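Visitor: The listed protein sequences derive, respectively, from chains G and R. Under my numbering, residues 1 to 545 are what the first sequence spells out, in order. Under my numbering, residues 1 to 545 are what the second sequence spells out, in order.
Worth double-checking, as some hints may not be accurate.
No copy labels: a pair is met if it fits in one copy or bridges any two.
[Stated by the list, open to error] Once the Cα atoms are required to be at most 25 angstroms apart in a straight line, the calculated SDA-like pairs of lysine to any residue come out as:
hint: 1; residue 1: K491; residue 2: F15
hint: 2; residue 1: K88; residue 2: E168
hint: 3; residue 1: K24; residue 2: M1
hint: 4; residue 1: K139; residue 2: Q464
hint: 5; residue 1: K516; residue 2: F121
hint: 6; residue 1: K516; residue 2: I120
hint: 7; residue 1: K310; residue 2: E453
Calculated from the structure, these hints are not laboratory results. Predicted model only: the values in this text are computed from it and were never measured.
There are 2 protein chains.
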Amino acid sequence: MKIAVAQLNYHIGNFEGNLQKMLKSVSDAKDQGAELIVFGELAVCGYPPRDFLEFEDFIERCDASLQSLMAASTDIGIVVGAPTRNPKKEGKDLFNSAYFLYNGEVIGIQHKALLPTYDIFDEYRYFEPATEFHTVMFKGKKVALSVCEDIWNVGNENPLYTICPLDEMMAEKPDFILNISASPFDYAHAAERIRVAQANVQRYQIPLFYANHVGAQTDIIFDGGSLVVAPNGKVLDEMPYFQEALKVYDLAEVMAGEKHQEQAKDKIALIHDALITGIRDYFQKLGFKNAILGLSGGIDSAVTAVMAVKALGADHVRGVLMPSQFSSDHSVNDARKLAQNLGMQYDLVPVQPMYEAYEAALKPHFWGYAFNVTEENIQARIRGMIVMAMSNKFGNILLNTTNKSEMAVGYGTLYGDLCGGLAVLADLYKTEVYALAAYLNKDGEVIPHSSIEKPPSAELRPGQKDADSLPPYEILDQILFQYIERRQGPKNLIELGFAPELVARVLKMVNTNEFKREQAAPVLRVSSKGFGMGRRMPIVGKYLS
Amino acid sequence: MKIAVAQLNYHIGNFEGNLQKMLKSVSDAKDQGAELIVFGELAVCGYPPRDFLEFEDFIERCDASLQSLMAASTDIGIVVGAPTRNPKKEGKDLFNSAYFLYNGEVIGIQHKALLPTYDIFDEYRYFEPATEFHTVMFKGKKVALSVCEDIWNVGNENPLYTICPLDEMMAEKPDFILNISASPFDYAHAAERIRVAQANVQRYQIPLFYANHVGAQTDIIFDGGSLVVAPNGKVLDEMPYFQEALKVYDLAEVMAGEKHQEQAKDKIALIHDALITGIRDYFQKLGFKNAILGLSGGIDSAVTAVMAVKALGADHVRGVLMPSQFSSDHSVNDARKLAQNLGMQYDLVPVQPMYEAYEAALKPHFWGYAFNVTEENIQARIRGMIVMAMSNKFGNILLNTTNKSEMAVGYGTLYGDLCGGLAVLADLYKTEVYALAAYLNKDGEVIPHSSIEKPPSAELRPGQKDADSLPPYEILDQILFQYIERRQGPKNLIELGFAPELVARVLKMVNTNEFKREQAAPVLRVSSKGFGMGRRMPIVGKYLS
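Chain G with its partners taken away, still in its complex shape (with noise of 0.2 angstroms):
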């Protein structure tokens, strides 16, 4: 039997879109000789389509999509994740399904079990867990359907889950496993993926067939990496990340395994390729095609101009250097070079008329207040509107250029620097995005050195060092990492090694910041746990703040 895996970039609520590409899918695997094909999990509406599912309009279209698959499947299986209604008055009005179609029936439905319910995931607030597990028979092999979350607890190892579907199925002796998933990236995830998927075969002794989604959705981004793994145990493929993908495995050579091929899994490598993913998807789901940044000369705009670039085209990206009295000469040259150096247009637009405007109106109204971070405000946000300005005039979307080492501590101005449609970088350190910086530049000088190595600064007010308000990156970031990421309190803090005084510190600059989170752009996720839904933060809250 000739298994067909889809790795299909889906977007959310395009239904003729999701739909038209599975049916070129679908034709293609015919013409490969496929007698089965998989896509992702709720695939015909796109992942995640958060409360869209609360409308019964949406609904009834996941349904439509689901009967002109069933109407393609003459002579051959597709297996789709779509939504069904639960038809039991009590529990969620909804199961997250894997439907099985074939010769324009529905031959087999199973639902998912285990529904995440953490970090970015809600489905709990609208599906209905499954309660009963069984194979399909399909030409004669009977088939383990699964989705996602479901074979995240091989054996009930996983400590958030009482039930392993897999388990529940095994006394029918299934002869593979089917799996449709939309597993979203972070840096360690696919190892993980990995992991858990061979775990899965090594307690069943049969194969796993994995497809993933791949793509961006919003801050939501989709590596695919879809999996076939032997019942030696062996990963005898690791789908492509980060592009569409079709392709069809024999079954017989599934079995015996003999292949082996894995992508490689270089973080920044991988960070790198997601964040591409994620600028270019963006804009081209909202139907935009041109970005527009502020250059400052430093780092961040540079590695985020050049990730646009990448993602976009030089032609399809414009830069603007906004210098104030406070800028150094070589942050313009460094901007004018970085934006030589990629071969896109940039505009160059002083503030100073726009402050002094500003200073000469307010003038009456802060007599006998001395300069503070109002007048550092002033000047971000005086960039804020001119790049918001030039977005609007030339309908291109403003990237953010922030990382998450600022967001975390609230050190950028809201309506200023903080203002964007996405940001690029806010899931990434500093210390990473110095990481970054490095592997653009592997192969020749596209950031310029001196943004590279000179100190972080805003430039708000003479002679400012990021260094003057924060500890050094190389402890913050660990801080932050082991606080955001890992969850760690400052006890464990304190006992992992830093100072208590700079612990409290950095904790209630993080707690007191929140509401600049609650107002910035999407950020890109790369990383285990991102601002944004994935974490979810009480504002008016007293603690640790």
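On the provided structure of chain G, position chain R as indicated by the hints.
Guide: Relative to chain G, chain R alone:
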């Protein structure tokens, strides 16, 4: 037996503050002869604590508060909400529990079984549902302890859930029910809460004591309205809305059920009081005293100003009048008159000089482009910058004045009139803002009549009226209500009698402006479906857009 119900304004993560408040209530209750006192759900840490629950240190702080309450329970039973660690490896790490403390010991714990995971609620993100249900024996009485949602599935009538916790306890023949809640306000919720409380009492024929939170946690407002329902189904007492209260009830009197007291439930009056609570607590819990806001002469900023003055006092609210070349004279006059009516400070900062500076700076870049929404946004953003600068300089929080109709259709400028720390009116449709304005003027003109009577306009280009870009608010608000609150899709809206083109146009506006709401200020929630955590929508989706 005398039973005290404590309806307190907790503060998320303010362990010391919450504890001292509860200890004071315990002491007051004892003075009044109470043998038992009942606090709210998760009272030790405040509600909703969100992802702070993932921090071991946070749970330890909850435990420490419980210990202190236990030490204070000499001769008085204390029922209080706190998280409990799940001792089993499988399942979520915590339970959401009601503790019964007495004479220095825990004499009963009942975990919550029905975990709301919809709208603003994320309880299954953190908590494992209870599976065991037992009454607690206290001074010869059997007490059925329950946590919030656990009484909201009376006889399994709520389609969301499959078990009814109180049904499970009835074999033990309890004498009365205690429910500890954190049940947020919306303008229809108090009536619903009474209906549910009465349904429980009618089913079990024993009295119910229901203790709610009061006060706001950022966007979520608790109205209090704690309840005592007599076995005959009468509401013996509904405690006041929007204020802390401690009341002691004699069980014998409750059993007799001869008294009856309910609070008035006028929609606009409730919203009025809720918004004042929301503003007051946002400032108080963040440690701020002073608000600032732009006054346009229009109804939204006028209503917001009145609410701010009522919440914070006229000495603590500052208005800024920022006319542009397109502002009419009467706008400035209306704004000035409002400020004078309220006795609040106001400043006049015309935007023209800044506008000209931007115009000059951008002219070389905008050559050949006509005046459009860009220049409208520039004016709105200059205003945002001026009020933010004043907010930074004087240390006051900017209030946002957007209404729900505008927020829904994206009729507002990101980083302009969408600036602000808290959106006061953004859960009120424009027609509801008019109703609130009428309510505020019921005893004489506070809001100038002309602010109410003139056609709504953003005044960003000559002669501009909202009606040029939007359907009449009377129609628009109905469509929005049906779509947002009632989740009616396009087909249903058309069936309700709205024109198909209009429906398509409105839904497209709503869905393509999700990116603006993503970056908006927290919205004081007064309806059953506000913008923010309660409504989670994709940004790059292509559905009804």
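Visitor: A separate judgement is required for each hint: does it hold in the structure or not?
Guide: How the hints compare with the structure:
1. Only between protomers do K491 and F15 lie at most 25 angstroms apart by alpha-carbon distance; the minimum there is 17 angstroms, versus 50 angstroms within a single protomer.
2. In this assembly of identical chains, K88 and E168 lie within 25 angstroms of each other by CA distance both inside one copy and across copies; the values are 22 angstroms within and 21 angstroms between.
3. Taking the shortest alpha-carbon separations for K24 and M1, only the intra-copy value of 21 angstroms comes in at or below 25 angstroms, while the best inter-copy value is 74 angstroms.
4. Taking the shortest Cα distances, K139 and Q464 never come within 25 angstroms of each other, neither inside one copy (71 angstroms) nor across copies (68 angstroms).
5. In this assembly of identical chains, the alpha carbons of K516 and F121 lie at most 25 angstroms apart whether taken from the same copy (23 angstroms) or from different copies (22 angstroms).
6. Taking identical chains as interchangeable, the C-alpha atoms of K516 and I120 lie at most 25 angstroms apart whether they share a chain (19 angstroms) or sit on different chains (20 angstroms).
7. In this assembly of identical chains, the alpha carbons of K310 and E453 lie at most 25 angstroms apart only when taken from the same copy (23 angstroms versus 54 angstroms across copies).
Checked against the numbered hints above, the structure violates only hint 4.
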